[in-house]
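Protein chains: 2
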Amino acid sequence: MTVMANNTALDEAAAPPPDTPVDLGPLPDLLGYALRRAQLAVFQDFHHAMEAEDIRTAQFSVLEVLKHNPGLRQTQVSFALGIKTTTFVPLFDELERRGLPERRPIAGDRRAKGLFLTALGQATLARLEALAATHEARFVSRMGPAGKAHLLGLLHRLADRAFDPDLG
Amino acid sequence: MTVMANNTALDEAAAPPPDTPVDLGPLPDLLGYALRRAQLAVFQDFHHAMEAEDIRTAQFSVLEVLKHNPGLRQTQVSFALGIKTTTFVPLFDELERRGLPERRPIAGDRRAKGLFLTALGQATLARLEALAATHEARFVSRMGPAGKAHLLGLLHRLADRAFDPDLG
Chain E
1 MTVMANNTAL
11 DEAAAPPPDT
21 PVDLGPLPDL
31 LGYALRRAQL
41 AVFQDFHHAM
51 EAEDIRTAQF
61 SVLEVLKHNP
71 GLRQTQVSFA
81 LGIKTTTFVP
91 LFDELERRGL
101 PERRPIAGDR
111 RAKGLFLTAL
121 GQATLARLEA
131 LAATHEARFV
141 SRMGPAGKAH
151 LLGLLHRLAD
161 RAFDPDLG
Chain R
1001 MTVMANNTAL
1011 DEAAAPPPDT
1021 PVDLGPLPDL
1031 LGYALRRAQL
1041 AVFQDFHHAM
1051 EAEDIRTAQF
1061 SVLEVLKHNP
1071 GLRQTQVSFA
1081 LGIKTTTFVP
1091 LFDELERRGL
1101 PERRPIAGDR
1111 RAKGLFLTAL
1121 GQATLARLEA
1131 LAATHEARFV
1141 SRMGPAGKAH
1151 LLGLLHRLAD
1161 RAFDPDLG
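Sequence lines, in order, name chains E and R.
Here our numbering is used: position 68 in the first sequence is 68, and no number is missing along the way.
Just remember that our numbering sits 1000 ahead of the position in the second sequence, which is counted from 1.
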């Protein structure tokens, strides 16, 4: 390819037409890029599946943690899920406004509140779990249960801080 | 477990102590949750690796696309990478302010500009690619090249819209 400096015509001609397929270079072979694209596809389907219930992934995760750990403090929930406090507070406020969780006093700790699902929250979560199971099955059908098990093992290996203490 | 309604003492006692391990329930077995945790761990390491260069994942992706497709229009770049226009514009403006890409006129299209790497952008990207390779190798060492190849195949299967036309 001949390089012609100061040639305006060349500069102008160098642009590919709008319908040219885009070459992503090394990106599809990088774990971070591939993880992000897969995560976006799965989250998009999750939000589509939960549309009628108006629930997003992080809200679903919070409700599950409260179901399995009634009375947890806010900081414990947000830390366990890797959600920043500044993100968690409005997220939880919104769920509380809808009557799904509630805060109650904790014995021996006058300053903290324990977070609990309400009866409405428990009933709602049962419906959400059924929708989540259908959503999950859609993606498992692409690789089979063995493929999913293998994938989860590899993903947990990536997320495991024990492999790299510097990450902590 | 006995349920005692209207018992304040029970309500207060029900909260687990602050150092109780959190039970994540079904979350670790859901693809979306496992993908998100893995992606966050890999992105966190990427940003750590790129700290001295002050480059984030999406900025790196944009520079790679410009390297492999000089003259692409902004809408083509953002669409190919799945970045919303409202996110892409400030991201690109910041890169342009740092002199890494530039906009040039396109022949036959008076309204659009083509995006190109500058010489500084090309030199910078060469350094970033070396850092990205070291970062990538850290995670590949957790599963070996065969594990990475298997993982990429499964991730691409999740991201592939061809499996579910409704997602498009």
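For the record, the hints were derived by calculation from the structure and aren't laboratory data.
Being a predicted model, the structure only gives us computed values, none of them experimental.
It is possible that part of the hints are untrue.
[Stated by the list, open to error] DSSO-like mimics (lysine-lysine), calculated; alpha carbons at most 27 Å apart, straight line:
1) Lys84(E) with Lys67(E)
2) Lys1148(R) with Lys148(E)
3) Lys84(E) with Lys1113(R)
4) Lys67(E) with Lys148(E)
Hints versus structure:
Proposed proximity of Lys84(E) and Lys67(E) is supported: the alpha carbons are some 20 Å apart, at most 27 Å. Using a Cα cut-off of 27 Å, the hinted pair Lys1148(R) and Lys148(E) holds, with the two alpha carbons roughly 15 Å apart. A threshold of 27 Å between alpha carbons decides the hint, and for Lys84(E) with Lys1113(R) the separation of about 38 Å lies outside it, so the pair is violated. Taking the CA atoms of Lys67(E) and Lys148(E), the gap is near 25 Å; set against the 27 Å cutoff, the hint holds.
Taken one by one, the earlier hints fail for this structure only at number 3.
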